[in-house]
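Visitor: Please put together the full structure from these sequences, using the hints given.
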Amino acid sequence: MIDRRLHGVVAIAVGAFLVTLAALVRLHVYPGAMLLPAEQDRVTRMSSESGTYFDTAALRTRRGVPIDVAVARYGDLVRSTADVAVWTEFVSVQTRTGGRIDYHERRAAFDRRTGQAVDCCDGYNDIDPRPRPRGLVFRWPLDARPISYPVYDPLARRAVTARFEAIETLYGVRVHRYAQRLVNERLQQPAMNLPGTVLGLDRPEEVPAVAYLDGTRTFWVEPASGMVIGVRENLTKTLRTADGRGRLVLFSADLRTSSGDERWNAGEAGHFRSWSLVVGVVVPLSLALPGLAALLLGLRRQLRPDGPDPAPDPVPGPDLDPAPDPDPGPDSDPGPGSGPGEAAGTAAGRDPRPADA
Numbered sequence: 001m002i003d004r005r006l007h008g009v010v011a012i013a014v015g016a017f018l019v020t021l022a023a024l025v026r027l028h029v030y031p032g033a034m035l036l037p038a039e040q041d042r043v044t045r046m047s048s049e050s051g052t053y054f055d056t057a058a059l060r061t062r063r064g065v066p067i068d069v070a071v072a073r074y075g076d077l078v079r080s081t082a083d084v085a086v087w088t089e090f091v092s093v094q095t096r097t098g099g100r101i102d103y104h105e106r107r108a109a110f111d112r113r114t115g116q117a118v119d120c121c122d123g124y125n126d127i128d129p130r131p132r133p134r135g136l137v138f139r140w141p142l143d144a145r146p147i148s149y150p151v152y153d154p155l156a157r158r159a160v161t162a163r164f165e166a167i168e169t170l171y172g173v174r175v176h177r178y179a180q181r182l183v184n185e186r187l188q189q190p191a192m193n194l195p196g197t198v199l200g201l202d203r204p205e206e207v208p209a210v211a212y213l214d215g216t217r218t219f220w221v222e223p224a225s226g227m228v229i230g231v232r233e234n235l236t237k238t239l240r241t242a243d244g245r246g247r248l249v250l251f252s253a254d255l256r257t258s259s260g261d262e263r264w265n266a267g268e269a270g271h272f273r274s275w276s277l278v279v280g281v282v283v284p285l286s287l288a289l290p291g292l293a294a295l296l297l298g299l300r301r302q303l304r305p306d307g308p309d310p311a312p313d314p315v316p317g318p319d320l321d322p323a324p325d326p327d328p329g330p331d332s333d334p335g336p337g338s339g340p341g342e343a344a345g346t347a348a349g350r351d352p353r354p355a356d357a
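Taken in order, the sequence shown gives residues 1 to 357; the numbers are from our numbering.
Hints may contain errors.
Computed spacing ranges between beta-carbons, pair by pair [stated by the list, open to error]: (1) Asp41 - Ile127: 24 to 30 Å; (2) Phe17 - Tyr103: 55 to 61 Å; (3) Arg174 - Arg247: 38 to 44 Å; (4) Arg158 - Gly244: 19 to 25 Å; (5) Val281 - Pro150: 29 to 35 Å; (6) Glu165 - Leu27: 29 to 35 Å; (7) Thr236 - Val281: 42 to 48 Å; (8) Arg181 - Gly244: 36 to 42 Å; (9) Glu165 - Arg42: 22 to 28 Å.
The hints are simulated quantities; they were obtained by calculation from the structure and are not laboratory data. All C-beta atoms, glycine included, are put in the ideal place defined by N, C-alpha and C.
Guide: This is the structure:
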């Protein structure tokens with residue numbers, strides 16, 4: 001009985017420990033490990049086989065030009081913290097032959113759980129030293145939902161809503177598709193002074209013109225990791241005079257992330273999803289299920305009656321003879337060779353042989 005109760009106490013203690021450890025892994029270790037990365041060292045590429053841009057050196061519009069875009073992002077591990085990541089982004093737009101069309105640069109901090117911009121850490125956007133970004137920058141939140149999100153546009157320098165459109169599969173990974181639509185969006189950059197004739201006006205003197213942006217930007221996002229798998233930018237920048245009479249196309253292209261980069265991003269997102277499944281589900285269950293089994297076994301041992309265990313019935317073996325009858329009755333068989341006369345003669349003390357013998 002003492003051994004049974006001791007075993008029950010040990011089983012309860014082990015079960016409670018395993019269940020508590022499972023809860024700690026799921027409720028504390030898992031959320032603490034689920035963070036958007038602070039480290040980053042990656043260059044992705046976008047391209048369009050036929051784009052249009054205004055050659056400012058020659059003051060003429062060039063059409064049908066293959067265009068490549070390189071987007072380089074680097075994480076600042078010195079300024080990043082457990083809650084905030086700091087990345088710097090460089091965007092170079094050029095023709096396939098190497099002619100530079102445009103260049104942008106920005107530095108932004110974001111929350112490592114929500115992906116929302118954080119105004120800190122010497123952020124800048126091109127020549128703007130204090131852009132104060134709002135909305136998502138660089139990444140979607142972990143476990144992104146099929147809803148609309150405000151996403152910071154570095155050209156418009158404000159958050160533009162990215163609306164959820166559909167669930168798709170991209171390179172074997174389930175993704176959410178979101179789209180930003182920009183209509184007559186004035187860009188926050190200095191006006192350009194161009195000859196009126198270039199802008200379609202009748203006067204040759206220079207006229208200031210400001211840039212506007214129209215088009216759609218589409219994001220394919222793996223929801224568990226918040227990783228952007230691919231981007232498509234079908235955008236047009238135009239220069240317009242204040243009265244709207246003069247205008248020209250500054251840039252227009254239908255750009256898409258390269259298939260190689262999308263495949264690599266999908267693989268990384270798949271690894272993250274598998275890792276999060278192991279840490280958030282497999283490890284807690286592998287601890288909780290044996291723990292619950294140990295608890296039930298220990299409680300069962302503790303709740304059994306205190307009496308001794310009943311002894312098992314003996315099983316007769318081949319060497320066990322039946323016990324002799326201590327009081328044989330009159331009908332008992334006296335055995336071979338003992339008849340009634342023989343017994344009586346012996347009792348009377350007479351010789352059982354005949355007299356004339």
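Visitor: Confirm or reject each hint.
Guide: Status of each hint after checking the structure:
| no. | hint | verdict |
| --- | --- | --- |
| 1 | Asp41 - Ile127: 24 to 30 Å | holds, 25 Å |
| 2 | Phe17 - Tyr103: 55 to 61 Å | holds, 59 Å |
| 3 | Arg174 - Arg247: 38 to 44 Å | holds, 42 Å |
| 4 | Arg158 - Gly244: 19 to 25 Å | holds, 22 Å |
| 5 | Val281 - Pro150: 29 to 35 Å | holds, 31 Å |
| 6 | Glu165 - Leu27: 29 to 35 Å | holds, 34 Å |
| 7 | Thr236 - Val281: 42 to 48 Å | holds, 46 Å |
| 8 | Arg181 - Gly244: 36 to 42 Å | violated, 21 Å |
| 9 | Glu165 - Arg42: 22 to 28 Å | holds, 26 Å |
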